[in-house]
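> Protein sequences, first through last, are from chains A and B.
In this text, residue positions in the first sequence follow the numbering used here: the first is 1, and each later residue adds one.
In this text, residue positions in the second sequence follow the numbering used here: the first is 1, and each later residue adds one.
It should be emphasised that the hints constitute simulated quantities derived from the structure, not laboratory data.
Keep in mind that the hints are not guaranteed to be accurate.
For chains that are exact copies, the list does not tell them apart, and a pair is met inside one copy or across any two.
[Claimed, not checked] With a Cα cut of at most 30 Å, we get these calculated DSS-like pairs of lysine-lysine:
1. LYS299 / LYS238
2. LYS189 / LYS314
3. LYS324 / LYS238
4. LYS67 / LYS324
5. LYS73 / LYS324
6. LYS10 / LYS280
7. LYS241 / LYS325
8. LYS167 / LYS314
9. LYS189 / LYS161
10. LYS111 / LYS10
11. LYS123 / LYS296
12. LYS241 / LYS280
13. LYS296 / LYS46
14. LYS324 / LYS46
15. LYS46 / LYS334
16. LYS338 / LYS70
17. LYS189 / LYS299
18. LYS189 / LYS167
19. LYS299 / LYS241
20. LYS280 / LYS46
21. LYS70 / LYS296
22. LYS8 / LYS189
23. LYS241 / LYS70
24. LYS8 / LYS296
25. LYS46 / LYS314
26. LYS334 / LYS13
27. LYS126 / LYS13
28. LYS338 / LYS161
29. LYS280 / LYS238
30. LYS324 / LYS70
2 protein chains.
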Amino acid sequence: MTQILRRKAKIIKVGNIYIGGINPVAIQSMLKNKTAEVERSIRQIKQLELSGCEIVRVAIKDIADAKAIKKIKQKINIPVAADIHFNWRLAIEAIDNGADKIRLNPGNIYKRREIKEIVEALKLNKIPLRIGVNSGSLRRLNSKSLSVPDSLVTSALNYVKVIEGLKFYDIVLSLKASNVLETIEAYRKIARRCEYPLHLGLTATGSPQAGMIKSAIALGVLLLEGIGDTIRVSLTEKPQKEVKVARAILETLGLRCFNHQIISCPTCGRCEVDLIRLVKELDNRLSAVSCQLSAKPLKIAVMGCVVNGPGEAKEADLGIAFGKKDALLFKEGKAVRKISSGRCVDALLKEISALNSLAN
Amino acid sequence: MTQILRRKAKIIKVGNIYIGGINPVAIQSMLKNKTAEVERSIRQIKQLELSGCEIVRVAIKDIADAKAIKKIKQKINIPVAADIHFNWRLAIEAIDNGADKIRLNPGNIYKRREIKEIVEALKLNKIPLRIGVNSGSLRRLNSKSLSVPDSLVTSALNYVKVIEGLKFYDIVLSLKASNVLETIEAYRKIARRCEYPLHLGLTATGSPQAGMIKSAIALGVLLLEGIGDTIRVSLTEKPQKEVKVARAILETLGLRCFNHQIISCPTCGRCEVDLIRLVKELDNRLSAVSCQLSAKPLKIAVMGCVVNGPGEAKEADLGIAFGKKDALLFKEGKAVRKISSGRCVDALLKEISALNSLAN
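Given these sequences and hints, build the entire structure.
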């Protein structure tokens with residue numbers, strides 16, 4: 001199997017999560033309600049934890065948001081990154097209230113004196129900083145002398161220089177544009193010019209489906225090149241969906257493994273069963289029986305006809321290949337028995353649970 | 001803007017569509033019902049045409065399917081590719097009934113005598129051939145001496161040699177695996193070893209969402225490298241969805257342009273309006289008002305707060321950036337006026353139609 005060779009990035013600790021080096025690419029999302037609505041925030045973060053979010057970012061728009069971090073952190077298990085814009089005092093307040101990471105935007109907090117205050121607080125509390133540059137809030141982009149990717153890179157590296165000048169090095173970088181090609185170019189350039197871990201994402205995407213596709217392409221291209229230590233899929237959608245898509249991207253590339261994987265054909269005029277419905281049912285029931293940590297994630301093929309069916313089914317851990325209404329069940333490369341279409345999802349789930357208990 | 005430099009592929013004609021060279025990357029899908037059900041087939045192909053499908057493939061499982069091509073072609077406008085497996089006589093029958101392209105699978109039609117008969121018919125009718133190799137139906141893959149990508153490449157090139165030996169060169173190639181990394185590697189290798197146009201796709205994906213993400217990554221990576229002249233997104237879903245995803249992939253990469261593009265932020269605790277709902281409404285209403293061929297496709301930004309809002313809105317053709325409940329409307333980089341959240345979708349659609357009629 002083709003393997004991805006990851007860029008060697010400095011290791012940064014965010015709460016109980018390590019970013020960079022050979023650590024798993026961490027999945028982030030962001031709270032969509034006002035942070036100061038403590039009960040709602042806790043509820044949303046709990047849902048995010050369940051869906052697999054590993055770091056949650058929260059917007060700090062005022063002192064109430066910053067103070068809410070302390071209360072929220074008592075009830076949740078994942079680290080909290082505080083998103084700060086315009087007002088440096090909010091960063092100090094967030095740090096004082098237990099934020100595990102601060103994100104600053106060079107586009108709106110750039111006075112040396114203010115940065116110095118924040119960095120002192122970061123040092124004291126031993127928490128890292130993300131320098132998050134966005135195409136939508138670049139300073140001096142109006143000059144148009146630099147391309148968007150070059151503006152993002154220049155802005156990030158200038159800020160890094162200031163922070164390093166203050167002898168602080170626990171830095172993560174992000175360079176997000178709304179355009180996929182510009183985002184890819186910016187990350188490729190910065191990856192060659194520093195050793196800090198990179199947080200990948202697009203800044204603004206569009207409809208959920210367009211966002212999913214843009215994110216899959218941008219993050220997919222970069223991760224395949226070994227670039228990226230933590231990711232956030234930005235969708236104009238509920239945040240759990242962002243995590244689901246992030247997981248699917250990492251699984252597709254073989255960088256993380258969260259659940260059993262279904263391989264299914266698109267069906268065509270050859271297929272004589274309702275494969276679309278069968279795969280949907282299997283997918284839903286598998287999501288409920290998420291694979292235990294101790295179990296080996298399985299590859300499960302569900303194929304509609306004899307053209308590629310037996311081949312894919314044999315290569316998978318478990319597979320069914322339909323002939324007419326009946327399917328042939330394959331286990332670890334061998335044809336085992338015939339099953340009817342009506343019973344195939346049950347049969348597959350039974351075999352999965354048997355293989356899982358063997359692995360334990 | 002970053003531009004994609006496309007691999008120079010030989011130009012092949014499929015009905016009224018040209019594949020290869022600098023021709024637009026053509027979008028394909030496949031009929032999911034039995035081809036011989038003529039009325040159903042025509043209905044599905046009509047829907048595919050409306051959604052933007054440019055070449056439709058149909059499975060030819062028996063003589064009835066092959067004969068149906070003639071009747072179907074009387075009622076549709078896009079070229080038909082006939083998918084042939086196992087039985088070479090079905091290829092002849094499909095060609096005699098007006099197929100615009102034949103797809104053969106080297107895994108199940110490989111006798112020289114049979115190939116020769118098919119190629120003679122292709123020459124006589126001046127239609128091209130796709131050599132479609134799939135990981136699920138590779139011959140001799142069981143030997144395991146070659147990796148999946150190398151097996152795909154070897155199988156395709158051996159078949160090409162046989163076809164070229166018969167003095168036939170109107171060839172398109174596809175090398176599909178179910179694994180994204182293997183598929184990417186196979187296409188990268190074949191791209192360097194021949195000049196035939198490449199049809200990109202994965203052979204079997206999984207649940208629709210996983211399929212979308214796998215396809216976006218595999219096709220995105222390859223197209224960004226200039227590889228790929230026609231694509232088919234295989235989803236275990238209705239075929240119109242395949243076309244919608246294919247279009248979004250090509251639009252994301254700037255390779256094709258079908259409609260106005262929405263840029264929207266994911267929203268966070270800073271946003272004080274229901275942006276998710278607003279973007280959904282705008283997206284739905286824009287899909288209905290698809291951009292006329294003569295009109296310039298617009299970039300429309302819908303942003304939830306002042307951090308990146310004004311920046312992205314200024315860079316777009318049209319944009320709205322929310323402060324509190326009111327938004328500032330931007331047109332061609334300039335702030336124009338305030339609008340309330342309740343009226344912003346209407347206002348944007350009005351501006352779009354005004355800009356479109358200016359362009360005409």
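> Given a CA cutoff of 30 Å, do LYS8 and LYS296 count as a within-copy pair, a between-copy pair, both, or neither?
within (28 Å within a copy, 44 Å between copies)
> State whether the alpha carbon distance between LYS324 and LYS70 is at most 30 Å within one copy, between copies, both, or neither.
between (61 Å within a copy, 26 Å between copies)
> My question is about LYS46 and LYS314: at a cut-off of 30 Å on alpha-carbon distance, are they close within one copy, between copies, both, or neither?
neither (40 Å within a copy, 37 Å between copies)
> Using 30 Å as the alpha-carbon threshold, which applies to LYS189 and LYS161: within, between, both, or neither?
within (17 Å within a copy, 42 Å between copies)
> Within a copy, between copies, both or neither: where do LYS338 and LYS161 come within 30 Å Cα-Cα?
neither (66 Å within a copy, 39 Å between copies)
> Between copies, within a copy, both or neither: which fits LYS10 and LYS280 at Cα up to 30 Å?
For LYS10 and LYS280, neither the intra-copy (41 Å) nor the inter-copy (40 Å) Cα distance is at most 30 Å.
> Give the relationship of LYS299 and LYS241 under a CA distance limit of 30 Å: within one copy only, between copies only, both, or neither.
both (23 Å within a copy, 25 Å between copies)
> Cα distance capped at 30 Å. Does LYS280 pair with LYS238 within a copy, between copies, both, or neither?
Both ways: LYS280 and LYS238 sit 21 Å apart in one copy and 13 Å across, limit 30 Å.
> Tell me, please, which holds for LYS111 and LYS10 at an alpha-carbon limit of 30 Å: within, between, both or neither?
Result: close within a single copy only, 27 Å intra versus 57 Å inter.
> First find the shortest C-alpha distance between LYS73 and LYS324 inside one copy, then the shortest across copies, and answer within, between, both or neither for a cut-off of 30 Å.
Between. Shortest inter-copy distance 28 Å satisfies the 30 Å Cα cut-off; intra-copy 56 Å does not.
> Should LYS189 paired with LYS314 be assigned to within, between, both, or neither, using CA atoms and 30 Å as the limit?
between (42 Å within a copy, 25 Å between copies)
> For LYS126 vs LYS13, is the C-alpha pair at or below 30 Å within one copy, between two copies, both, or neither?
Answer is within; shortest intra-copy Cα gap is 9 Å, inter-copy 64 Å.
When the structure is compared with the earlier hints, violations turn up for hints 6, 8, 11, 15, 16, 21, 25, 26 and 28 and for no others.
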